[in-house]
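Those protein sequence lines, which keep their order, are chains Z and V.
When we follow numbering that gives the first Met the number 0, the leftmost residue of the first sequence carries the number 0, and every step to the right adds one.
When we follow numbering that gives the first Met the number 0, the leftmost residue of the second sequence carries the number 0, and every step to the right adds one.
Errors might be hidden in some of the hints.
If we take Cβ atoms under 7 Å as the criterion, some of the chain Z residues that face chain V in the derived model are [said to hold, decoys possible]:
1) M0
2) Y2
3) G26
4) T27
5) C30
6) P98
7) G185
8) Q186
9) I188
Computed spacing ranges between beta-carbons, pair by pair [unchecked claim]:
10) Z:G54 with V:D81: 39 to 45 Å
11) Z:E279 with V:S117: 30 to 36 Å
12) V:M0 with Z:G136: 27 to 33 Å
Please keep in mind that the hints were generated in silico from the structure rather than gathered at the bench.
A quick note: this is a predicted structure, and the numbers were derived from the prediction, not measured.
We put the beta carbon where it would ideally sit given N, CA and C, even for glycine.
So you can see what is in the structure, the chains are spelled out below.
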Amino acid sequence: MRYLKPNTVGEAADLLESSQGMILAGGTDACVYMAEGICDPETLIDIGGIGSLRGIETSDRYEEGQAIRIGACTTIAEVAASEALPTCLRQGAQAVGSPQIRNLGTIGGNICNASPCGDTLAPLLTLDARFTLRSAGGTRTVESADFFTGPKQTVRKGNEILESIELPASVRSKASAFRMIGNRKGQAISQVNAAVSLTVADGAMSDVRVAVGSVAPIPLRLQALEGFLTGKRIEDITLEEIRELVLEGIRPIDDVRSTATYRQEVTISLVFDAMRECGEQVTGEGAGS
Amino acid sequence: MMIRFTCNGKPMEVDAPPETRVLDLLREELGLTGTKEGCGRGECGACTILLDGKPVNSCLLLAGKIAGREVVTIEGVAGEDDSLHPIQEAFLDKGAVQCGFCTPGMVLSTKALLDENSSPEIEEIEEALSGNLCRCTGYGKIVEGVVEAADRLRQGQTRDGE
Chain Z
0 MRYLKPNTVG
10 EAADLLESSQ
20 GMILAGGTDA
30 CVYMAEGICD
40 PETLIDIGGI
50 GSLRGIETSD
60 RYEEGQAIRI
70 GACTTIAEVA
80 ASEALPTCLR
90 QGAQAVGSPQ
100 IRNLGTIGGN
110 ICNASPCGDT
120 LAPLLTLDAR
130 FTLRSAGGTR
140 TVESADFFTG
150 PKQTVRKGNE
160 ILESIELPAS
170 VRSKASAFRM
180 IGNRKGQAIS
190 QVNAAVSLTV
200 ADGAMSDVRV
210 AVGSVAPIPL
220 RLQALEGFLT
230 GKRIEDITLE
240 EIRELVLEGI
250 RPIDDVRSTA
260 TYRQEVTISL
270 VFDAMRECGE
280 QVTGEGAGS
Chain V
0 MMIRFTCNGK
10 PMEVDAPPET
20 RVLDLLREEL
30 GLTGTKEGCG
40 RGECGACTIL
50 LDGKPVNSCL
60 LLAGKIAGRE
70 VVTIEGVAGE
80 DDSLHPIQEA
90 FLDKGAVQCG
100 FCTPGMVLST
110 KALLDENSSP
120 EIEEIEEALS
130 GNLCRCTGYG
140 KIVEGVVEAA
150 DRLRQGQTRD
160 GE
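Throw the hints in and build the complete structure from the sequences for me.
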């Protein structure tokens, strides 16, 4: 096996183009795949040490209203701890694996691994995140909602590296929350996860985003539900009235972690809880100011 | 590839393929067998080491990634004269060790926690140990051991400060 450790993302993109190698970020998924023989790459390109891929920057000066840039090799632990980031993304990051895994694993790895149950994915969808992909030929930007195509499958091409995640300026004024359920609190893979982000103006919800994971081949937005919630007051919404809108949007299956029926019921509750927490954030801020 | 890093406070140089797991580098190349292999998949935490002070699974860490960085294993926790670390003493006194296989990882996760937070709440202890599985104790005595270790370390600091 060849193990390459480029110093810049440009160098990494050139090596990827010429070697057809596999990108290694934190290694928490890649090492399991290699240990289980699921993959046996001839070339590993370790991008974890590239400085420009690390860290969280906030600015008003990014183009097209982008306000926060997260380097793809920022660790999950750093994302969970960053006060610059929206609540749902921090909560999602905190739900990933164990402390040991969060210290190694990266947000870019969680995105590119594209597991339907990845705990940062539903939060990123609700925040209208965009992903910047770098290849030897240049960069392109993909909306998070268009990135995932199937379990462990994305629109990222073999010669592309996920360079950064950008969040729009709108996230600064939004409330957001994440919920997951697993077999135990730590080190558990989500049986279902859900994230909600929204703005409240004059008591009514606007700019509502709801996304769920582990209930379809890809993390999903529930746009019919978003439309239903828009213009309504959080405290007026009941579990019963969102029920059908959640169920018509998801396609859960029976698998080793859970059953489809259980996932259906839990998804409704998690979405409802996350929405209610958004409401508490809004009221809490109102009371504090 | 020559990999240079700091191991338990000492500069270390090992010639090994960079795709070697750090777990194997420590156990096979350096004879530091206190780091255990449980699942080899990042699930159990028996292979926990500290990388730049933070707990990580050495089964999910490739040797190429530790160049220039600081690694602490269970062998680096005891004093120079082989005296036990207060965390290790507290674990013994509270019966937090049964078969012992998870203990090196538990001690290192505890050290990472107490280095950052000298008076953790029970919930913070449980969170810090959530990546370390123990099949013997049921965790109660381990959590008691961590509380006791935190007390002793705080008292030690007070004494040192006087």
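Now for the hints, and whether the structure bears them out:
The criterion of a C-beta within 7 Å of any C-beta in chain V is met by M0 of chain Z, whose closest approach is roughly 5 Å, and the hint holds. The closest approach between the C-beta of Y2 of chain Z and any C-beta of chain V is roughly 4 Å, which is under the 7 Å cut-off, so the hint is satisfied. Evaluation of the G26 of chain Z hint against chain V yields a held restraint, the C-beta minimum of about 6 Å falling below 7 Å. This hint holds: T27 of chain Z has a C-beta 5 Å from the nearest C-beta of chain V, less than the 7 Å allowed.
The criterion of a C-beta within 7 Å of any C-beta in chain V is met by C30 of chain Z, whose closest approach is roughly 4 Å, and the hint holds. The interface hint given for P98 of chain Z holds, since its Cβ lies 5 Å from the closest Cβ of chain V, which is under the 7 Å cut-off. Taking 7 Å as the C-beta contact cut-off toward chain V, the hint placing G185 of chain Z at the interface holds, the least distance being around 2 Å. The restraint placing Q186 of chain Z at the interface with chain V holds, with a minimum CB-CB distance near 6 Å, inside the 7 Å limit.
Checking I188 of chain Z against chain V by beta carbon gives a least distance of about 10 Å; that is not within 7 Å, so the hint is violated. Here the CB-CB span from G54 of chain Z to D81 of chain V is close to 41 Å, well matched to the stated 39 to 45 Å. Take E279 of chain Z and S117 of chain V: their Cβ atoms lie about 31 Å apart, and the range 30 to 36 Å holds. Take M0 of chain V and G136 of chain Z: their Cβ atoms lie about 30 Å apart, and the range 27 to 33 Å holds.
The structure shown violates just one earlier hint, number 9.
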